[in-house]
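Below, each chain spelled out in residue letters.
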Amino acid sequence: NAGVTQTPKFHILKTGQSMTLQCAQDMNHGYLSWYRQDPGMGLRRIHYSVAAGITDKGEVPDGYNVSRSNTEDFPLRLESAAPSQTSVYFCASSYSMGGELFFGEGSRLTVL
Amino acid sequence: AQKVTQAQTEISVVEKEDVTLDCVYETRDTTYYLFWYKQPPSGELVFLIRRNSFDEQNEISGRYSWNFQKSTSSFNFTITASQVVDSAVYFCALSGSARQLTFGSGTQLTVLP
Numbered sequence: 001n002a003g004v005t006q007t008p009k010f011h012i013l014k015t016g017q018s019m020t021l022q023c024a025q026d027m028n029h030g031y032l033s034w035y036r037q038d039p040g041m042g043l044r045r046i047h048y049s050v051a052a053g054i055t056d057k058g059e060v061p062d063g064y065n066v067s068r069s070n071t072e073d074f075p076l077r078l079e080s081a082a083p084s085q086t087s088v089y090f091c092a093s094s095y096s097m098g099g100e101l102f103f104g105e106g107s108r109l110t111v112l
Numbered sequence: 001a002q003k004v005t006q007a008q009t010e011i012s013v014v015e016k017e018d019v020t021l022d023c024v025y026e027t028r029d030t031t032y033y034l035f036w037y038k039q040p041p042s043g044e045l046v047f048l049i050r051r052n053s054f055d056e057q058n059e060i061s062g063r064y065s066w067n068f069q070k071s072t073s074s075f076n077f078t079i080t081a082s083q084v085v086d087s088a089v090y091f092c093a094l095s096g097s098a099r100q101l102t103f104g105s106g107t108q109l110t111v112l113p
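Sequence order for the protein chains is S and W.
Here the first sequence stands for residues 1 to 112, numbered as in the working numbering.
Here the second sequence stands for residues 1 to 113, numbered as in the working numbering.
Only true hints are included.
No more than 30 Å apart at the CA atoms, straight line, and that leaves these computed lysine-lysine pairs for DSS-like:
| id | chain 1 | residue 1 | chain 2 | residue 2 |
| --- | --- | --- | --- | --- |
| 1 | W | K16 | W | K38 |
| 2 | S | K57 | S | K14 |
| 3 | W | K3 | W | K70 |
| 4 | W | K38 | W | K3 |
| 5 | W | K38 | S | K57 |
| 6 | S | K57 | W | K3 |
| 7 | W | K70 | W | K38 |
| 8 | W | K38 | S | K9 |
No wet-lab data here; the hints were simulated from the structure.
Taking the hints into account, I'd like the entire structure generated from these sequences.
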């Protein structure tokens with residue numbers, strides 16, 4: 001059982017570069033979300049999706065884009081990375097919004 | 001707006017001691033869900049428990065127990081006879097009518113041998 005798979009686990013990029021964090025889930029969950037974790041701030045939701053074709057902004061969406069073309073995948077794109085986006089990113093899925101979240105292993109991103 | 005406060009930033013105990021992690025929440029919703037997650041040093045987030053606002057019964061699962069009190073807006077987590085493997089960051093979270101899952105800032109628990 002893979003659950004929620006995130007790639008890459010680690011990445012370093014320079015200010016202004018773009019990159020995509022991949023998220024895939026195999027539990028047939030409708031709800032997918034991206035969180036960032038920063039020291040002393042817990043986890044904050046960036047974007048979420050309740051179904052394929054539907055996405056919405058979370059608490060801290062600026063500088064990030066998402067898309068949901070199918071049930072399984074929910075990539076997070078940084079178009080022009082900034083040092084403030086240095087963080088650990090988690091993708092999470094749930095059978096419904098408000099249900100318990102199943103998290104991926106996290107992606108540690110450093111923007112120089 | 002909803003808010004979750006975990007006032008204890010760090011707690012250190014000696015193995016076999018009992019320890020309680022505090023969680024206080026704020027919400028205007030009458031229906032909501034409370035969660036606890038564990039993040040061990042390896043970094044993954046592990047779901048521990050989900051409780052809805054209409055169920056104030058305390059829950060026990062092995063050495064873990066949870067005390068939900070609506071009167072004080074608290075959802076505290078107790079580990080009995082702590083073990084070194086319990087060392088982790090523990091997050092309390094709240095989901096209300098807007099279905100936004102709001103996390104507290106976490107409590108770093110260190111259990112010393």
